[in-house]
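Student: Listed below are the residues making up each chain.
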Amino acid sequence: MKVEEAKEKLIAEFEGKIIGEPSIIENTLEIEIANENLIEIAQFIKHELGFTYGDMAFGTDQKDHIEMNWYVGRPDGSTFIAIKVKTDRDNPAVNSLANLWFGFNWHEREAYDLLGINFMGHPDLRRIYLPDNWEGHPLREDYIYKRPKYYKPEDEEKRS
Amino acid sequence: MSEKTEMNLFMGPQHPSMHGLWSLRLTIDGETVVNSDCQIGYLHRSYEKLLANRSYEQGIPITDRLCYVESHSYSTAYTYAIEGIYGIEAPEKANWIRIMTLEIQRIASHCLWLAAMSVDLGQLTMLIYPMTARELLINLLETITGARMTYNYARIGGVYRDLPHKITEKIENSLEEFTRLHQEFLDLLEESQIFRMRTEGIGVLSKEDALSFGVSGPMLRASGVPFDIRKADPYMGYDQLKFEIPTREEGDSFARYRVRLEEMEISMGLILQALDKYNELKPSDPYRLEKIPRRPPKGRIYRRIEAARGEAGFFIESDGTPSPYRVRIRSPTFNNLAPLPQLIKGGKLADIPAVMGTVDLCVGDLDK
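Chains as they are written, first to last, in my numbering: chain U, 95 to 254; chain S, 31 to 398.
By construction, these hints were calculated from the structure, which means they are not laboratory data.
Glycine included, every Cβ here is placed at the ideal spot set by N, Cα and C.
It is possible that some hints are incorrect.
[To be verified] If you only want the chain S side, here are some residues facing chain U, beta carbon under 8 angstroms, derived:
1. 74
2. 122
3. 244
4. 265
5. 331
[Claimed, not checked] With the Cβ distance kept under 7 angstroms, some of the chain S side facing chain U (calculated, not the full set):
6. 71
7. 241
8. 243
9. 365
Excised from the complex, chain U in its bound form (with noise of 0.2 angstroms):
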């Protein structure tokens, strides 16, 4: 499948559901689209149009919003997908994606980490990289970087 004829399938399906039009980097296809959509137009594509590859997530801080993307692509590496969701900025939250492509779990985990995300129905939303109590999300652009505390055994036994 080329990414001309997925771009024609998906606004053939969801006709003003994709936000602005659709831009094709190489063989990438980028749609936004919002969030309460997210997850019918990713079923879609996963299961119409076969894009079970779950290739990687992200999220990056834009100063005014959040934008996560999500890559996926076909099995036979033709084609890619980037789907992108836009949310506020003090308070982020996007639907999930992990249950329909298991790779996501991790990736949606490191932008939990990272930027502070909160993604709605994931199956185990914790940090990933760095400790639990960690102050702060360092990709974020306004973050400043404090000493971090040592580690007590007594902060892990407070914990559990």
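Go by the hints and put chain S onto chain U.
Tutor: Frame of chain U, contents of chain S only:
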């Protein structure tokens, strides 16, 4: 007997078969693994922030340190993505040099994996054999780039320098020697009953799960998906070379081992083909673009290459300043490790090194 017999066990970060700083929290019932949870992040250096705080060129030596086993793949992937942002293309000669060095790096990385995995499975002789073979390839890379571990050889729009004189004989001799050693690996491992018993049918990853988890590289191909970026989305002129993609249907540890060994042979063929293409060019042809503007245009791009462990990709968002606004590293190990709890669930504790060994971990790349 209603007594609870489960217990928790920490494997790593000091465990010798963990291959780096990460740990596995296991819940075991006797010898059977009931549940597990990967604890990663001990080596987290916030690479995405580091790269976004530096100019494009300053980022190249840093990406070399992403994975200490195959540093050249990552710096090439980064420069390749930067070229996409600038909208420039490296000269033909640079591409053949890149393909050669990338494939040498792939074999060297697979050799280190083979040594480490065999020791985990009790094949102590196999520690020395692949390391000796790896030395041949590292020496080649040293001749070409000037360094043995972190090469800093990739540049935006080409490579740091041209290949040295008389490299053709050197590469051919090294590969001839390597072919002999490669046959010895096969003889030593395939005929070993213990090795086969410990890997066959262990840690089976199904095709659907492999795709859903975003597993890539030899691990995906061992599960029966013929997905190789060198074929599916050719870059740097791989479409002009002839090669096969080794694929296995079983999805177990033995299949993953076998795919990697077959890949070494494929890579040797690719090096020789790229060398022929290189020798067709004149010595005066450029190996690097001369002038690169300091500020790239605004835009975003995601470009991927096939590293030894799988898909190594860089997403770059540029805001028109000399440094990128956002860099996202898609590291293959991060996706490849995610299905591990599923692979070892219900198996025996002693099978964990057999499964983990064939996942081919590199913690520097996993933790970013």
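Student: Against this structure, judge whether each hint is valid.
Tutor: Hints and how they fare:
1. 74: holds, 4 angstroms
2. 122: Check failed: Cβ of residue 122 of chain S comes no nearer than 20 angstroms to chain U, outside 8 angstroms.
3. 244: Since the shortest Cβ distance to chain U is 3 angstroms, the answer is holds.
4. 265: Violated. Min distance 10 angstroms.
5. 331: Constraint on residue 331 of chain S satisfied, holds at 6 angstroms.
6. 71: holds, 4 angstroms
7. 241: Holds, because the Cβ-Cβ distance from residue 241 of chain S to chain U comes to roughly 5 angstroms (cut-off 7 angstroms).
8. 243: Constraint on residue 243 of chain S satisfied, holds at 4 angstroms.
9. 365: Result: holds, 5 angstroms to nearest chain U Cβ.
Hints 2 and 4 from the earlier list are contradicted by this structure; the remaining hints agree with it.
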